Structure formats: C-alpha cells, structure tokens
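Listed below are the residues making up each chain.
Number of protein chains: 2
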Amino acid sequence: MSEAPEATAVQTPAPAAVAGRRGRRAADVGTLVQRAREGDARSVARLISLVEDASPALREVAAALTPHTGHAQVVGLTGSPGVGKSTTTTALVRGLRAEGKRVGVLAVDPSSPFSGGALLGDRVRMQDHAGDSGVYIRSMASRGHLGGLAWATPQALRVLDAAGCDVVLVETVGVGQSELEIASLADTTLVLVAPGMGDGIQAAKAGILEVADVFVVNKADRDGADQTVRDLRYMLSLGGRHSEAGAWRPPICKTVAARDTDNGIDEVLATIGKHRSWLESSGEGQRRRTERAAREIEAIALAAIRGRMGDVHGSAALGALAEAVVAGVSDPFRAADELLAQL
Amino acid sequence: MSEAPEATAVQTPAPAAVAGRRGRRAADVGTLVQRAREGDARSVARLISLVEDASPALREVAAALTPHTGHAQVVGLTGSPGVGKSTTTTALVRGLRAEGKRVGVLAVDPSSPFSGGALLGDRVRMQDHAGDSGVYIRSMASRGHLGGLAWATPQALRVLDAAGCDVVLVETVGVGQSELEIASLADTTLVLVAPGMGDGIQAAKAGILEVADVFVVNKADRDGADQTVRDLRYMLSLGGRHSEAGAWRPPICKTVAARDTDNGIDEVLATIGKHRSWLESSGEGQRRRTERAAREIEAIALAAIRGRMGDVHGSAALGALAEAVVAGVSDPFRAADELLAQL
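Protein chains in written order, with the numbering used here: chain R, 228 to 570; chain D, 228 to 570.
No lab work stands behind these hints: they were computed from the structure.
Be a bit skeptical, because a hint or two may be false.
Treat identical chains as interchangeable: a pair holds within one or across any two.
Within a straight-line C-alpha distance of at most 25 angstroms, the following computed SDA-like cross-link-like pairs (lysine to any residue) qualify [claimed, not checked]:
{"hint": "1", "residue 1": "LYS328", "residue 2": "ALA554"}
{"hint": "2", "residue 1": "LYS481", "residue 2": "ASP450"}
{"hint": "3", "residue 1": "LYS481", "residue 2": "LEU570"}
{"hint": "4", "residue 1": "LYS481", "residue 2": "SER282"}
{"hint": "5", "residue 1": "LYS481", "residue 2": "GLY297"}
{"hint": "6", "residue 1": "LYS501", "residue 2": "ALA554"}
{"hint": "7", "residue 1": "LYS501", "residue 2": "ALA526"}
{"hint": "8", "residue 1": "LYS481", "residue 2": "ASP564"}
{"hint": "9", "residue 1": "LYS501", "residue 2": "ARG286"}
{"hint": "10", "residue 1": "LYS328", "residue 2": "GLY555"}
{"hint": "11", "residue 1": "LYS328", "residue 2": "GLU287"}
{"hint": "12", "residue 1": "LYS501", "residue 2": "ARG533"}
{"hint": "13", "residue 1": "LYS328", "residue 2": "SER313"}
{"hint": "14", "residue 1": "LYS501", "residue 2": "ARG449"}
{"hint": "15", "residue 1": "LYS501", "residue 2": "ASP453"}
{"hint": "16", "residue 1": "LYS328", "residue 2": "ASP564"}
{"hint": "17", "residue 1": "LYS501", "residue 2": "GLY327"}
In this text, all values refer to a predicted model and were calculated from it rather than measured experimentally.
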C-alpha cells in the first residue's frame, strides 16, 4: 500500500463508510429497479418517492432506469374542471386492462402541497384497481417542488416506463399553465371538452387547440354535444399545425364516461393506438421524446444553478450586491453580471 | 493610423453606426428619465414599455433610473376575487390624491397575455383619474414574460419610483401563487378579506397571514363583518412572526369601498403611513428593499442563463445530449452536467 490512499482518506473522512453506503445504496437501487420491472408495486412506489423528493439517490436511480425506458406511451389528459377527467381516466384504465395492458396513472395537482401515495379524495373510485398488479396509481403535487411539474413528473414517468407500463395516463387537477406543461410531457394529448361549457373557445384561447392530438367530447348525451363537435371541427379547419402535409389531424371522439358507463371509450383507445402508430411512422414520436429530454436536461441544469445561487445567497456575496443596488451605486443588471461571474 | 483599428472594424462591422445608435439611445433614455421625473406621463409609459419588453435599452434604463429610486412606498393589495380590490385601489388613489401625493398603480394580471397601456375592463372607473397628472395607471401581464412577475414588476416599480411617486399600489388580478409574489415585492402588504367568504381560513391556508402587514375587512356593512374581525384577531393571536418583540402587529381596518363610498379608507391610509414610519425606524424597510434587490438580481441572472441555454438549444449541443438520453446511453443528470460544463 502506498501513502496516497492515506492522504485521500484525510481529505474525505471515513471513506470506507462512504463506500459502504454507496455500495448498499447501489444494491438497493438495483434491486428496486429489478423488482419494479418484475411488477412489484411497492418497488415502483419507492422509486417514485426517491426521484420525486430529489433524494441523494436520485442520480443513481435515473441512471439505473434510463436504459429500460422508451416503451411507454404517455397520454396526457387536459380539460376544464368538471369536464370529467377523472371518470374518463378510470374508464380508460378499465379498457386498457381489458386489453391486458400494463397501465400507470399520474394525477398531478399543481395547487396542492401534498404528494405521495395517498389518492386524491375524488379518486376513490380508482380503488377498483387497487388490488390489480397491472395498474400503478400515483397522485403528485407539483407546487413547492424544484421547478414544479417540469422537475418531478418526468422522473415519475421514467419509473413507470421502466416498470413496463404500456400506457401512462397523466391527468392534471386544476387549470391554467399546467395543462400546457402536461401536453409538453405527453406523446399523445387528449383534450376533453363538454357540451355547453364554452370549452371550445376556452381551448382556443389557452392554446390547447394547438397541443391537442385527440379531442374527447365527454358527456355526449347532453344537449349541444353535436354543436360542440361542429365548433371544434370549424376551429380545426382554420389551420395551424394540423393543416400541414402529412400532419396528424386530431380526431374528435364522443364519450359518455361515468361511474358505470364507458360509451365511446373503445373508440378513444383505438384512436390513441392509431396515434402511437403515427408517432412511430412519422418520426414525430422520436422528435417529441428528444424535445422532452432536452427540456428535462434544462430543468435539471437550472435547478443546479439555483442551488449554487442559494449558496451565494447564504454567503454575504449576494447581500452585498443587493445593498449596492438599494444604495443606488449599482443597478440590478450590473449586479447580476457580478453574481454570474462568481458562480 | 495603425492597422489595428482597421482589423477591429472588420470584426465588428460599421462601428460608427453602432456608436451612433448607442449615442442616440443614451440621449433618448436620459431625456425620458428627466421628463418622467418632471411628471410627464408619456415618458413614464414609454420607460415602462422599454423595461417590460426587455428591450435592448433595458440595462441602460435601469442604470439611469436606479440613482433616483428609494423614495416610493410600494403597497401590495391581495385578496380573493370579489373581495373588492379594484374599488379599494380606486378609493386609496382618491385619498392619496386628496393629500397631494403622487401615486402609481400597477394592476398585474398573471393569467393574461395582454399588457401595456390599455386598462383592464373592470378598471374603467379608474379613468376618473385619467386626466390627473399625479396618477400613473398601468396594467401588466406577467404570463409569458421571462420569469413572470419576478422579472417585469420590479422594473416597472423602479420607473414609477424614479418618476417621483410617493406610493405605488400593486394590485394582482386573480389568485394563487402570484399573491405571495406580490407580497414579496411590497413594502406594505394589504390583505383584503370580506365577511362570509371564508377568507380568513383561505388566508391562513395560503400563507397570506404571514405576509400581511394590514388587514382590510372590506364590505364591512355586511353581516358577519365583526365575526371576520374576531376570526382574524384569533388567528393573529396564535403567533407567527407578529408575536416577536418589536414586531409590527397587523392592524385590522374595516372599510366599505364602493363606487361612491370610501368609508374607512382614511384609517387605512393612516395605517399605511404608520407602517412606513415603522419600516424606517425598525430597519425592516431597508431589510425588505435589500431582499427584494437580491431576488431581482437572481431573476436577472437566471434569465441570462436561460438565454445562454437557448443558444445551446439553438445549436446542436443540447439536441445531441437529449438524443443520448432518449437512446438510453446517457441519463438526464449526466447530460445536465455536460450542458453546464458547456455554458
């Protein structure tokens, strides 16, 4: 033995223990990934917790999972509150299970600080599938997480993908910006509308028309359903990306998804399958996956930079820069240059 | 003449023209700032547009404004929709104008992509003050801006401060996270509640209790107003930062602010004045201004980093990293490390 390892040992105390912890963690992660791939729901849940909480094992988990990903079709469901997202999700799960597919469900609530294994209150009916090992259901909160949806959701999607899910349904609870974020994460985006809710116009306003791959007119037994379909057709006829040659033209499906009826769900499932084929044949699937990975890389890099700024913040450096701005002897842009020079 | 300037001229084409543009812009900005300080509303509006749109002159404008800032008291108004934020803002403007104060109003709509000089629909009554040179009213959209509220609002506040406003009222349209952001920008945060809306509990939930400097129970002629005051008193008695020695204990004012009545507004104005004195005497004002400057510096630095990532994005670098992740030969954390190494 030379003295070099000794010197290293002084710089990083207790190297054996560190190596031991690393070794144990690696074994744990490897075992968890193996078990998750064999269909063990507890291991899937544990892996999601590890990546969602940005635990120290996060990087290791991501590295272990990535080679096993790329199979799942991520299907995002968006639409105004009350349009029937939960019942539609439940009906889609039933249909996919009937086809023997393995299914993941992520219910994302951007307004809630609560997360984890607990089901959302109005999702109790999903417990139909609680004993079914082919379904993983997870509710997640994005508020308070580093970078919100952009950070936590892709991590959980990777776990469900590696665990062998054929389809992962991502449903957002609530409204606004997060709907568009979900669309950016999905291979296939379902936009749900209901008759008489003015959803068509809302959708156009929010930019949802542009991100829709499939329209689902739910509650189609209500008055005005046909008018809603006509409104959507008219809006689609106005152009946008759907009018380009070789483009996917979003089909409009009519459903009546309720507790005991799944009318129209088979057609939605068939359309989702067609969209998957189109994604593969057109190259659009590869393009979306790459775009998604790029966004995720950016989000991780930004979180790392924020962390470093936090360190500067903790030190006196940023405080001194801020005081100079308040005193009027500097301005925030000059100060930002100096901050960046220190990172 | 040596040959070196010639060589430089080749690298940066038309240096004379660049210098000319710079010279002209500098003169423009200087003149605009001078006119704004003299009370010219058009110059104020032009400066806000320059900083809000992140125009090339942005840095120059910030540098020219900063030495003239530090006078205005920034008063944030938050509260649930329907609580009467607009009418209260209008009543406060009337009261401040009656005292001969110069007033700025920023109405921030985080959900709207529209911005600029146009007044929000429900703010037409503010046109009472449209011909009054002592009031600047501006509606801003934060959606779509670099970093949202964190970016655009401090810039506009700086303009109004340098323009000699004694008080700037910042009112947010809508709900959620943006309310807390407004509080972080303000010297004095007014939390508006109304009887019978369960606002007290909402406020506690949203963390608004912790950020309130003054509570305003609006619509105090309604049933339940006294109960609302008692609820707030009880919640304040439970502790938090207000219970520390030397701390400011948020007063609770009752108002009936409507189109033609300003009952209680005088008391609110007096309380705002008292809070200003406390901010100065306690050192809390300086602390908040410094904290605010630190946040702004961070937001600008992050926007700069995002811009650089955008450049990498435009190039093939991020694309190649993303493709490696999709192919399963890298993972997003390793890719983020490589991206950061390239910045």
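Checklist entry - Can you list which hints this structure breaks, lowest number first? => result Those not satisfied are hints 3, 4, 5, 7, 8, 9, 11, 12, 14, 16.
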